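Q: Each chain is listed here by its residues.
There are 2 protein chains.
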Amino acid sequence: MRPLPQPARESLALAPVLHALGDPVRLELVRRASTSPEATCAVLADGMDVPLSTLTNHWRIMREAGLISMTADGRHRRIRLRADDLRDRFPGLLDPILRLAEPEKDA
Amino acid sequence: MRPLPQPARESLALAPVLHALGDPVRLELVRRASTSPEATCAVLADGMDVPLSTLTNHWRIMREAGLISMTADGRHRRIRLRADDLRDRFPGLLDPILRLAEPEKDA
Chain A
1 MRPLPQPARE
11 SLALAPVLHA
21 LGDPVRLELV
31 RRASTSPEAT
41 CAVLADGMDV
51 PLSTLTNHWR
61 IMREAGLISM
71 TADGRHRRIR
81 LRADDLRDRF
91 PGLLDPILRL
101 AEPEKDA
Chain B
1 MRPLPQPARE
11 SLALAPVLHA
21 LGDPVRLELV
31 RRASTSPEAT
41 CAVLADGMDV
51 PLSTLTNHWR
61 IMREAGLISM
71 TADGRHRRIR
81 LRADDLRDRF
91 PGLLDPILRL
101 AEPEKDA
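Residue numbers (the numbering used here), protein chains in the order written: chain A, 1 to 107; chain B, 1 to 107.
Everything labelled a hint here was simulated from the structure, so no lab data went into it. Accuracy of the hints is not assured; some may be wrong.
To be verified - The calculated label-pair distances, taken between Cβ atoms and stated as ranges, are:
hint, chain 1, residue 1, chain 2, residue 2, range
1, B, 51, A, 74, 27 to 35 Å
2, B, 84, A, 95, 21 to 29 Å
3, A, 10, B, 99, 35 to 43 Å
4, B, 75, A, 38, 35 to 43 Å
5, A, 74, B, 9, 44 to 52 Å
Claimed, not checked - To spell it out: a stretch of chain B is covered by chain A in this simulated footprint if at least three of its residues, at any positions, have a beta carbon under 8 Å from a beta carbon of chain A; those stretches are:
hint, segment
6, 49-61
7, 86-92
Stated by the list, open to error - From the derived model, a few chain B residues whose C-beta atoms are all more than 10 Å from chain A:
hint, residue
8, 3
9, 22
10, 23
11, 26
12, 32
13, 34
14, 35
15, 36
16, 39
17, 41
18, 70
19, 71
20, 75
21, 80
Note that the structure is a prediction, hence the values are computed from the model and not measured. Glycine is no exception: its CB is placed at the ideal position from the N, C-alpha and C atoms.
Could you put the whole structure together from the sequences, leaning on the hints where they help?
A: See below:
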């Protein structure tokens, strides 16, 4: 499994993390990733009516902001929410957002 | 004082709020507004090296997401962070972000 580039924990910054969370599709993908460790992109996006190219862009934004790790596993890409890094770098931020994202049905 | 249009408390949505917070300039303006109630736009942006047209756009994004109220007071615009609305709608969200934004010096 080959990991794709991502920022180190200590260089995670608050504004890009909030930006990466500030989209209904990305918020839902992060929420799903939080309950499905090491799932593939395809599984996490299952049932979402979003074009593949848009999804690819969303994953990139989340990876570059440090929300997720992404590894290439053959033809699949596996996603892991960087929960430990986010909790360490931004105490008190991730869990309220995951909780609030749960019933959020707007777009 | 004439209030500018803004979303009602019950229609605030998480993703647009996070998006509005997901920019270093907006994050700093929100942090300043949290400690300077009813300050003018000009006072809040004091010392920030950002063009006026960009600032105007930032204030609009924050108002439309429901982060701030803006009132026209003659030639001035006064800003109020909608802290009560945000705490009511998104419990546990605002205060960690204000705390984490404090030492955040990146851009």
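Q: Lying within 44 to 52 Å: is that true of the beta-carbon distance residue 74 of chain A to residue 9 of chain B?
A: holds, 48 Å
Q: Is the nearest CB of chain A more than 10 Å from the CB of residue 22 of chain B?
A: Violated, because the least Cβ-Cβ distance between residue 22 of chain B and chain A comes to about 3 Å, which does not exceed 10 Å.
Q: With d taken as the least Cβ-Cβ distance between residue 41 of chain B and chain A, does d exceed 10 Å?
A: holds, 20 Å
Q: Grab the minimum beta-carbon distance between residue 34 of chain B and chain A and tell me whether it stays above 10 Å.
A: Holds, because the least Cβ-Cβ distance between residue 34 of chain B and chain A comes to about 15 Å, which exceeds 10 Å.
Q: At 10 Å, judged by beta carbons, does residue 32 of chain B keep clear of chain A as stated?
A: At roughly 15 Å from the nearest Cβ of chain A, residue 32 of chain B sits farther out than 10 Å, so the non-interface label holds.
Q: Measuring Cβ to Cβ, find out whether residue 26 of chain B lies farther than 10 Å from everything in chain A.
A: Nearest chain A Cβ is 8 Å from residue 26 of chain B, so the label is violated.
Q: Should the hint that residue 75 of chain B and residue 38 of chain A are 35 to 43 Å apart at their CB atoms be regarded as holding?
A: violated, 57 Å
Q: Using Cβ atoms and 10 Å as the threshold, tell me whether residue 3 of chain B really stays out of contact range of chain A.
A: holds, 24 Å
Q: Just double-check residue 23 of chain B for me: nearest Cβ-Cβ distance to chain A has to come out over 10 Å.
A: Violated, since 6 Å does not exceed 10 Å.
Q: Does the Cβ-Cβ separation between residue 51 of chain B and residue 74 of chain A fall within 27 to 35 Å?
A: violated, 48 Å
Q: Is the gap between the beta carbons of residue 10 of chain A and residue 99 of chain B within 35 to 43 Å?
A: violated, 19 Å
Q: Examine the segment 86-92 of chain B for residues whose CB is less than 8 Å from any CB of chain A, and state whether their number is three or more.
A: Check passed, 3 qualifying residues.
Against the hints set out earlier in the document, violations occur for numbers 1, 3, 4, 6, 9, 10, 11.
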